[in-house]
Each structure stands twice: as C-alpha cells, then as structure tokens.
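Engineer: Given these sequences and hints, build the entire structure.
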Amino acid sequence: MEALICPQCGGQITEYRPDAKFTTCSYCATKFVIADNKEKVPIPPAYDYPTTTQLPNLNMVIGIIAGIGLLAGVIIFATFASKNNRTTPPSTPPKATPSPVLAKAEPAKPAKELPNYLEFGGKGTGNGLFQDAGSIAVDTKGRIYVSDDSLRVQQFDENGQFLKLWQIPASGQVYQKARTIDKIAVGSDGNLYVALGGVILAYKEGATEPTRTIHFAPDNIQDFALRSDGGMLAVSTNDQIETLSFINKAGKVTRRLRGFHTDALDAAISPRQTAVWSIRVATDGAGNIFSVYALGALGSYSINYNSEELQIARFSPDGKYVNKFVQSKDSCGIEVDNQSRIYVSNGSTINIYTSNGDLINSLGLDSHIAAFTLDAANNMYVVRDDIVTRRPAI
Numbered sequence: 250m251e252a253l254i255c256p257q258c259g260g261q262i263t264e265y266r267p268d269a270k271f272t273t274c275s276y277c278a279t280k281f282v283i284a285d286n287k288e289k290v291p292i293p294p295a296y297d298y299p300t301t302t303q304l305p306n307l308n309m310v311i312g313i314i315a316g317i318g319l320l321a322g323v324i325i326f327a328t329f330a331s332k333n334n335r336t337t338p339p340s341t342p343p344k345a346t347p348s349p350v351l352a353k354a355e356p357a358k359p360a361k362e363l364p365n366y367l368e369f370g371g372k373g374t375g376n377g378l379f380q381d382a383g384s385i386a387v388d389t390k391g392r393i394y395v396s397d398d399s400l401r402v403q404q405f406d407e408n409g410q411f412l413k414l415w416q417i418p419a420s421g422q423v424y425q426k427a428r429t430i431d432k433i434a435v436g437s438d439g440n441l442y443v444a445l446g447g448v449i450l451a452y453k454e455g456a457t458e459p460t461r462t463i464h465f466a467p468d469n470i471q472d473f474a475l476r477s478d479g480g481m482l483a484v485s486t487n488d489q490i491e492t493l494s495f496i497n498k499a500g501k502v503t504r505r506l507r508g509f510h511t512d513a514l515d516a517a518i519s520p521r522q523t524a525v526w527s528i529r530v531a532t533d534g535a536g537n538i539f540s541v542y543a544l545g546a547l548g549s550y551s552i553n554y555n556s557e558e559l560q561i562a563r564f565s566p567d568g569k570y571v572n573k574f575v576q577s578k579d580s581c582g583i584e585v586d587n588q589s590r591i592y593v594s595n596g597s598t599i600n601i602y603t604s605n606g607d608l609i610n611s612l613g614l615d616s617h618i619a620a621f622t623l624d625a626a627n628n629m630y631v632v633r634d635d636i637v638t639r640r641p642a643i
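For reference, each letter of the sequence shown is one residue, going 250 to 643 in our numbering.
Careful, some of the hints might be misleading.
[Stated by the list, open to error] Straight line, CA to CA, 30 Å or less: simulated DSSO-like cross-link-like pairs of lysine-lysine:
#1 K569 to K498
#2 K498 to K390
#3 K498 to K426
#4 K453 to K501
Read the hints as simulated data drawn from the structure, not as lab findings.
Structural biologist: Structure follows, in structure tokens:
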C-alpha cells in the first residue's frame with residue numbers, strides 16, 4: 250500500500266482503506282483526498298554491519314592523551330609567567346619621575362578686591378556695631394555716619410574706624426518717646442541732621458547736643474533732603490496729605506506745596522494716611538527735585554495701589570511738576586548723584602536712571618537693602634544686615 254503525505258503537516262500516512270476517496274491525518278486530523286497525496290516511500294539501501302568491531306590501537310590512544318597533556322602544561326606555564334612579569338617589581342626599582350608642577354588657577358576676584366571697596370560693622374551694641382542700622386550718610390571729608398534703632402549715630406573715618414558716638418534723646422521739648430531714627434544727613438558745613446519723632450535735630454560739627462530743632466507741629470516730618478545752597482527740603486504729613494516745605498539756610502520756611510507728590514500722580518492709594526507716610530524726597534546739585542513712595546519703609550503695613558501711583562515724580566527747583574517715570578515698589582529711599590542720575594533701591598537691587606527715567610545700570614546684592622547713600626565722588630555706601638559696604642562709583 251502506497252504511503253500518503255498529509256498536505257497540512259507533512260505527516261506520512263500508511264494505514265487507510267485502499268478503496269476510500271478520503272482519509273484523515275492521524276497527526277493533525279486534516280481530511281484530504283487520497284489520490285492527490287500518494288507518494289512512494291523511499292526504501293533506504295541496506296547497510297552491511299561488520300560482524301566484529303575493530304578497536305583503535307591502545308598505544309596510539311595513550312600517545313594522543315600524553316600529547317594533549319603536554320600542550321596544556323605549556324599553555325598554563327606561559328600564562329603564569331606573563332602574570333608574574335606584570336605584577337612582580339624589579340629588584341632595583343627605577344627612580345620616580347617627578348610630577349610636573351601645574352600653575353594654580355587664578356580665582357575670580359571677590360567683591361572685597363574691588364577698588365575703593367570697604368566693609369565694616371556687624372550686630373551688637375558696642376562701638377562699631379549696630380542694632381538694625383537704618384540710615385547712612387557721608388560728609389565732604391569722607392567720614393561715614395550710621396544710625397540704628399538704639400537711637401545711636403556713630404561716626405567712622407574713611408577706612409571704617411570708629412571715631413565718635415551721638416546718643417540721640419528719645420524725648421525733647423516738641424517730641425516724645427521716639428523709638429527709631431528715620432534718617433540722617435550731613436551738610437557741607439559738617440552739621441549733622443537727625444530725623445526722629447517727627448522732628449529734625451541739628452548738631453553743629455563737634456557738638457554733642459542738638460543746637461537746633463526743626464518741626465512742623467502738629468504735622469510730622471517724614472523725610473528731608475539737603476540742598477546744595479545750604480537749605481533743606483522737608484516732607485511733612487497730617488495723616489491726610491503730604492506737604493513739601495522749602496527751608497533756607499537760616500532755618501526759615503520759604504514755601505509750602507501741599508499734596509505735591511500724590512496730586513502730581515493723581516494717586517488714589519488706600520489708606521491714604523498710610524501712603525503719605527512713605528513719601529521720600531531727593532534733590533540734585535541743580536536743585537531739581539525727585540520724590541518716590543519708599544514702600545520698604547512701611548514695614549508690615551499694606552496699602553492698595555496701581556502701578557501708575559508708584560512712579561517717581563520729577564519737579565523743577567521751585568517745585569513745579571515736570572513728569573513721572575519708573576515704577577518703584579520696594580524702595581528704602583532715593584538718591585541723586587553729581588551727574589543728576591537717580592538711584593532707587595528695589596529690595597536687594599539698586600537701579601540707576603537718567604533724570605528722564607532711562608535705566609543706566611543696576612547693582613544686585615545678596616540681601617535686602619536697609620539704606621544707602623552716595624558721597625561726593627558717587628561712591629555708593631550700602632547698609633545690609635548691619636554691615637556697611639562701600640562700592641566704587643558706577
């Protein structure tokens with residue numbers, strides 16, 4: 250009977266009915282036609298197996314095994330010798346070659362290496378130390394004055410060495426229970442001016458007691474600025490409106506401008522009585538006047554405002570409004586140098602503008618600025634965390 254090949258799996262089928270037309274694969278159960286899948290199964294040729302098995306010669310086998318063992322021994326020995334040559338030091342070690350001397354990289358110069366840089370102060374109650382220093386001034390001789398919340402004003406030489414101390418009285422004839430010094434300034438004549446408790450105390454050079462008191466009772470003095478002619482500008486408030494007063498060298502008020510800042514900006518800051526407390530003023534050598542909301546001086550107080558109300562206002566020497574520019578949100582004050590450039594603090598940054606409000610430069614520091622001032626050469630003095638630093642003019 251001819252063998253059949255399953256068309257599905259290729260299995261060989263030998264058992265089926267010769268007269269059947271179909272059959273089923275016993276491997277994959279595929280049903281297919283018998284006539285189309287008949288295939289003759291090839292018969293393999295007969296193989297004559299030897300009646301006896303011939304074994305290889307015993308001596309030959311022993312020789313082959315011995316040769317293989319000898320070859321393996323040679324390979325192992327060569328490998329071991331190679332490792333010894335790499336790890337075993339010679340009996341006479343060679344002289345060490347000295348390492349080349351590399352040039353040290355020059356580190357970036359820190360701020361302390363800036364020309365004319367100075368740093369002094371720290372927290373404390375002793376001479377040369379401060380308790381929340383909040384104002385700074387420099388006289389024409391380069392002497393530095395710093396005030397703090399212990400009602401002290403300390404004087405230092407141009408190298409930061411302590412020279413003198415003024416203990417400012419907390420109460421006087423027209424003020425009582427002052428808790429902090431708001432601002433200090435030094436005139437070209439060496440007189441020291443101290444604002445606190447709504448008054449300005451004037452000390453002649455060398456004096457230890459105030460020689461004059463400037464006040465506008467019942468209004469309070471919020472800020473002042475010295476003019477190049479020896480006179481003074483003072484900002485006073487009555488909790489409703491601010492007034493800019495012009496004071497001559499003899500200490501007489503020659504003019505008053507009510508609402509000079511808020512009216513010029515058409516400001517609707519609320520609460521108004523809180524806002525007017527924070528107005529600060531500065532003047533340049535030509536007498537031009539600049540004012541700003543020093544919101545950093547408000548502490549924990551909060552006010553409602555829009556950006557237009559926080560811009561710097563510029564006035565002519567006689568107090569006429571000129572224009573407004575540059576928004577300032579977190580200032581501790583405003584200063585003007587001998588080129589009429591305007592310096593305004595903003596948190597930990599001091600921005601410098603032209604008198605028209607164009608940004609010239611910025612000085613970014615690593616902590617909040619409590620106070621700053623300029624000397625006659627435009628060097629910048631900054632108070633931060635009871636440390637005073639002097640930086641070269643920009």
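Engineer: Each hint should be assessed against the structure and marked as holding or not.
Structural biologist: Hint-by-hint comparison with the structure:
no.	hint	in the structure
1	K569 to K498	21 Å, holds
2	K498 to K390	21 Å, holds
3	K498 to K426	29 Å, holds
4	K453 to K501	17 Å, holds
Taken one by one, the earlier hints all hold for this structure without exception.
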